[in-house]
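> Work the whole structure out from these sequences, hints included.
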Amino acid sequence: MSRFKDEVLQEALELVKLYPEARSATIPLCHLAQSVDGYLAPDAIEHIAELTSTTPAEVHGTASFYDMIQLHPVGRYVVGVCTNIACMLQGGYELLEAVEETMGASVGETSEDSLFTVEEVECIALCDRAPCLHVNYRYFGPLDEEGVKRLKSDLIEGRLEDEVPSHGVISRIKRSAPELIPLEEIDELRLVEDEQRSSRMAQKGGGDA
Amino acid sequence: MSKEREEAISFVLDGRPIWARKGDPVIRAAEEAGTYIPRFCYHPRMKAVGMCRMCLVEIKGPRGFTLQPACFVQVSPDMEVITDSVAVRKAQDGVLEYLLANHPLDCPVCDKGGECPLQDQTLAHGPGESRYVEEKRHFAKPIEISSIVLLDRERCIQCGRCTRFAGEVVGKGLIDFAGRGANIEVAPAPGGTFDNYFSGNIIQICPVGALTSKSYRFKARPWDLEQTESTCTSCAMGCRVVLQSSQNEMTRVLGIDSDAINHSWLCDKGRFAFEATSSEDRVLAPYLRKNDNLVEVGWFEALTQVAKTLTAALEKVGPATVAAIGGGSISNEDAFAWAKLLKGYLSVDSLDCQPEGGVDPSLLLGGKIATFDEVVNSKLTLLLGADVEEEMPVLYLRLREALLAQTTSAVEIIERRTSLSTLVSSSLLIEADEVLSQIESIDLSALAGVKVKDLSDEQVVVVVGQADLLRSSSWRSGLVAKVLQRYPNAKILPLLQGANTMGAVQMGMSPGLLPGGRVIGKVPEDFPWPNPPKSLGRNAADVLSAAAADDIEIIFLLGPNPLSGFPDKSLVRQALERSSMVVAIDSHFGEWTEYVDVVLPLSGYGEYFGSITNAESRVLPLGQSLVPAGVSQKGWEIAVALAESIGYDLGFESESDIWEEIQAISKIHRGFSPSLLSTEVEGVVVPRSVKVHIAGRRVLDPVATPGISSVKRQAAPLSEPVAIYDFNPDGELVDSNDSSDSLDELSDVMKERPTASIASRKEPDKLRLHLARKLYGYGVEVASSPTLSSLVSKPKLRLSSESARVSSVEDGDVVRIISGDLSSGEFQLEVSNDVVPGVLVAEFVEGYELDKFGSLNGGVLVKVVKA
Ligand code: SF4
Ligand code: SF4
Ligand code: FES
Ligand code: FES
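Chains A and B supply the protein sequences, listed in that same order.
Basically the working numbering = 1-based index in the first sequence + 1367.
Basically the working numbering = 1-based index in the second sequence + 21.
Simulated from the structure, these hints should not be mistaken for lab results.
Glycine is no exception: its CB is placed at the ideal position from the N, C-alpha and C atoms.
Hints may contain errors.
Negatives, chain B to chain A, calculated, CB over 10 Å [claimed, not checked]:
(1) 98
(2) 151
(3) 195
(4) 197
(5) 499
Cβ pair distances, simulated, as ranges [unchecked claim]:
(6) A:1455 with B:162: 44 to 52 Å
(7) B:849 with A:1455: 52 to 60 Å
(8) B:106 with A:1386: 29 to 37 Å
Here it is as structure tokens:
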């Protein structure tokens, strides 16, 4: 792949329309391309550049800033193991080792069966269930070696189909531009809010210390 | 520049009150006041971004003094700035320590070592020692980001000059930063390159050794280089350059920031053309054809032979059978001396410095030539058959900038879209045979969005292009004449082919002309040339046709392959074969060598002093940085020697003798003195009665331009400007208008020539061939410079979808061009609605034999068929 086609192309065009400047749609378009291919293919980069009136080098430059945008083909499941402080204390590195062993790929690589890509990631905000990992950005933890094995078979045998989206999907929310709010309405709302704020302050005894 | 910018304000710099232009960044105002603030990312010709933080200074604000980037903050009245305090020094120290943390410090093997702002500024402002002991980052060394430029990523300090140049100046962001943090790198798109006509500039503006040129890499150390100011001769723009050489070999060419001309930029052709000077195919000695072989001989033998044949021919059949082609690429001095010999002594009038047709001399000498500044500031710029990026690349950069900044608005009329099409107010695709009848009915000012009442004629500039090499000069002047009827005071800027075509025309190198726009047959009594022509000679195309019909005895080819842009090579071949003697005064062996009987070795670019006159009629100096190769001589010296062998004394022993005579007989050059060239960085526009806005001398950025003015701070020592000529008459101003009578006459003379009609298409599947002029299409520079010859690409064919349907071909098809019995090789076809229906656009690239379809007589009708 691949350039955008059919419904995906429609969606891409809608995304471009959401912004006053086409190039603002660069990152949403990268997400879109990635949700189709699992990564941002060179052709997709080119197509995004065309849609946003930029150049492939600029799209690539932007995309490469973000770890969550993949620039190389990945397996069906991208497994990101957290080794940040909380997880590390709880055995994050052991978990990483277990994942590498079980999934058959070391960090940055994809297993031979093209099912798993393993990454080492920073805190994914699941510290309360450390050590943890994500699979295609869905969280699992705490896990030990056994847990990893179970996770693998659940994934392969389709028991997590509903929970784990297909690779490359970062956001499942479809964006659309909100209805325009008439200016007068905004002004009225503001007045109301301002009043509320000043009455709150009056109650507190003035000053926002 | 708007009025507002010129407004002066005062601010306080390190305790002293300073005048500055409102709107200037602090860094520039300070520099003009003599305080140099260190910097990396700031470039005077690009928007400031404040990325590197090297220029931090203390500026007083509501919270007292704070550190702020001097490149990013504009001066305001009474602003207080401190550039040298403990806080500033600590900031500079910190920025440098930070930049050096990951810097490889491989200065001993780095091209930039010795002229490196990072080295210099570390020495001046940096920490003495590094506290960083960890492993530095590593990258694979070097990567090729274009066919010319190599990138050593670990040396990059992320100033963004190169990426900004790409996006902002060239308008194609072919490189950008990729990655993040310590892993950030400059990168083209995956699988992409930075290939474009201006890629070499990023080598010059990179403040460290991250970007290097393949041809210069590891060649020299900057302190060993000698440099000479000169002018690029790869097109008629005349960009200002320094030639840097080491041990009699040219190593590189850098752009000088000239406000009037190139704003420090060069195109890659101009930057690498110098390689041709040291190429293998240089002519080092005279050669004479003996028993069908060119044999090396001495000057005496060669000249005697030419003199003998020439005298015999003149005696037997007269001056009409002698002709000279070329002269647009030799210096003013050379052109004048040859004109004097051929026209003034031998009565030969068939001299043509624009063999490709070019632009009618009466337009060039009419005194209404626009300067580049006028083009970018005119109310209405009309681009007539011009593909500016291919024809005059740096002017394209300037026009692009102007169109974006809306200092001018432009209308383009051409048969195919160009790289300016999306920027002009209106791009009209009109077929060449229709445009003559249509142009009068087109409302140009409305298309440009300019109100007619706001438009005085003087604010209209017509850029006359030669984008299609098959259009004749009479077609071009016919078109311009119609525009001039509407705007009689409009100025024109011709995109001439030779670097010195303008100068050569001024020196009389066109049929019917004598120096200074005088016409033959109207020569005053006291004219110092003894034997000027009595009857009008032929232009180059006619000379070649006549030669092919055995009507010409002797042809001189003046300068580096003057016929390389001539689109009808079969005619050239026949003509050279059939004339009894062909004398090439050339620096290189090349295309036509096998047809030539005598080769007289001409000194190459960088091997002689002299001057050229660019398309805006600006005289610019050529510098010498090398000893001439072999026994080669300057063009004028060869003319003098040949005259001597015939028995005449041209009276020239030096360039000054030549200029003395030019000034005596050419009104255009009155008041001009070549010694002015050593003082005027921007050259001198002639005639001097033309008023040109003279910009103040700019304070240049030493990081940007290790050229002329900055040289004390960076790079090799510049030899003091050499006064090339040793006399200095007073600059007397004259009125150029008194030459116009004779010019009208000249155009009458020109009009008598049959106007080439344009082939009009009757059968719908016949297409008119449009041979598109390409930057790397032809010319000695391209053929003989290794860097440039590696950039030549196979020509593409383009056709509109309508024509494709009629011809039953599709996009991507491999096709041949057919015309009568002729058939071309195979080319890939692109179907594109950027081409007017009925026209087949083929890029003219030497070596692909497209010229066999060429003909200046109205163009050719062809068909395309699937291969
Ligand atoms: S390569 Fe050079 S010009 Fe480009 S960002 Fe790095 S240091 Fe600056
Ligand atoms: S634009 Fe013309 S004069 Fe300037 S560098 Fe290029 S070839 Fe030379
Ligand atoms: S440290 Fe692992 S999720 Fe926060
Ligand atoms: S931040 Fe001012 S020169 Fe870089």
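> Each of the hints needs a verdict: does it hold here or not?
The hints, checked one at a time:
Under the 10 Å C-beta cut-off, the non-interface status given to residue 98 of chain B relative to chain A holds; the minimum distance is some 35 Å. Distance check for residue 151 of chain B against chain A: the nearest CB is about 28 Å away, which clears 10 Å, and the non-interface claim stands. Annotated as non-interface, residue 195 of chain B brings its C-beta within 10 Å of a C-beta of chain A; the closest such distance is 5 Å. In this structure residue 197 of chain B is not separated from chain A by more than 10 Å, as the shortest Cβ-Cβ distance comes to only about 3 Å.
No beta-carbon of chain A comes within 10 Å of the beta-carbon of residue 499 of chain B; the shortest separation is about 39 Å. For residue 1455 of chain A and residue 162 of chain B, the hinted distance range of 44 to 52 Å is not satisfied, since their beta carbons lie about 35 Å from each other. Look at residue 849 of chain B against residue 1455 of chain A: about 58 Å separates their beta carbons, and that is inside 52 to 60 Å. For the pair residue 106 of chain B and residue 1386 of chain A, the supplied restraint of 29 to 37 Å is violated, since their beta-carbon distance comes to about 44 Å.
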